[in-house]
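S.K.: As a plain string of letters, each chain reads:
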Amino acid sequence: DTTVKQNPRYKLARVGKPVNLICSQTMNHDTMYWYQKKPNQAPKLLLFYYDKILNREADTFEKFQSSRPNNSFCSLYIGSAGLEYSAMYLCASSREEGGAETLYFGSGTRLTVL
Amino acid sequence: GDSVTQTEGLVTLTEGLPVMLNCTYQTAYSTFLFWYVQHLNEAPKLLLKSSTDNKRTEHQGFHATLHKSSSSFHLQKSSAQLSDSALYYCALSGASSGSWQLIFGSGTQLTVMP
Chain U
1 DTTVKQNPRY KLARVGKPVN LICSQTMNHD TMYWYQKKPN QAPKLLLFYY
51 DKILNREADT FEKFQSSRPN NSFCSLYIGS AGLEYSAMYL CASSREEGGA
101 ETLYFGSGTR LTVL
Chain F
115 GDSVTQTEGL VTLTEGLPVM LNCTYQTAYS TFLFWYVQHL NEAPKLLLKS
165 STDNKRTEHQ GFHATLHKSS SSFHLQKSSA QLSDSALYYC ALSGASSGSW
215 QLIFGSGTQL TVMP
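Protein chains in written order, with my numbering: chain U, 1 to 114; chain F, 115 to 228.
Okay, chain U solo, but in the shape it has when bound (with noise of 0.2 Å):
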């Protein structure tokens, strides 16, 4: 099974409030990431998880959180949301094969903030 799941898939926040994203997988991998999708743009990588450890974009370092309680789950969490992170959000988990790390998503979701 290469499923990465993501709740929920869709979600609406109003401007100021925290927002809480959920993302699984069962595969054992041990690189977990979170992009963001706006229309028209390339997905861009917010943060990854290597294990436990967390890599965060210098550009994205202080709007957003994330947390690794184990091997399967990963959050990303938005502490006070503008309506600047309306976007879908990707998650997703990798592997090696073939000599380079292949990434795995899951189907998204959609934060509208209002």
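These are calculated hints, taken from the structure and not from any lab test.
Every value quoted in this text rests on a predicted model; they were computed, and no experiment measured them.
There may be inaccurate statements among the hints.
As a list, the in silico SDA-like pairs of lysine to any residue whose alpha-carbon atoms are at most 20 Å apart [to be verified]: (1) U:Lys44 x U:Val19; (2) U:Lys11 x F:Ala157; (3) U:Lys44 x F:Gln140.
One-sided excerpt, in silico: chain F residues whose CB lies under 7 Å from chain U [said to hold, decoys possible]: (4) Phe146; (5) Leu160; (6) Gln215; (7) Leu216; (8) Gly219; (9) Ser220; (10) Pro228.
Glycine included, C-beta positions come from ideal geometry on N, C-alpha and C.
Given the structure of chain U, go ahead and fit chain F onto it with the hints provided.
M.R.: Just chain F now, with coordinates in the frame of chain U:
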């Protein structure tokens, strides 16, 4: 940092016609290029990947050849099918902001008409 360019945001074709989606890249380090496909309401899935110069890679009727001399990895198919309608991402395993990551192009939405 490394980058991927997909020049066409939207491509509309009639069923049975050939498909060609353009992808060029810029990298100082990487040799791995990928094509991911995302059908409506589904997760992005790996379609093709390659690291070998001038070698044709094929999967599910699609093919691509990595040309390092022109920094290109165009996706092709001889005859489009209705089921090929999807969002196609070209991606590079490369470096950005000092960390390794999968760097995506902005995507090409392919619509195949009857």
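S.K.: Does each hint fit the structure? Answer for all of them.
M.R.: Consistency of the hints with the structure:
At most 20 Å may separate the alpha-carbon atoms for a hinted pair to count; U:Lys44 and U:Val19 meet this at roughly 19 Å. The straight-line distance between the Cα atoms of U:Lys11 and F:Ala157 is roughly 17 Å, inside the 20 Å bound, and the hint therefore holds. Annotation: proposed proximity of U:Lys44 to F:Gln140 holds, straight-line Cα distance about 17 Å (limit 20 Å). Taking 7 Å as the C-beta cut-off, the interface hint given for F:Phe146 holds, the closest approach to chain U being about 4 Å.
For the restraint placing F:Leu160 at the interface with chain U, the shortest Cβ-Cβ distance is roughly 6 Å, inside the 7 Å limit, so the hint holds. Checking F:Gln215 against chain U: minimum C-beta separation of about 5 Å stays under 7 Å; hint holds. Look at F:Leu216: its Cβ gets to within about 6 Å of chain U, closer than 7 Å, so that hint holds up. With 7 Å as the threshold, the beta carbon of F:Gly219 comes within range of chain U, its nearest partner Cβ sitting at about 6 Å, so the hint holds.
Hint status for F:Ser220: holds, given a least beta-carbon distance of 5 Å to chain U, under 7 Å. Annotation: F:Pro228 was flagged as interfacial toward chain U, and the flag is violated, the nearest CB pair being 26 Å apart, outside 7 Å.
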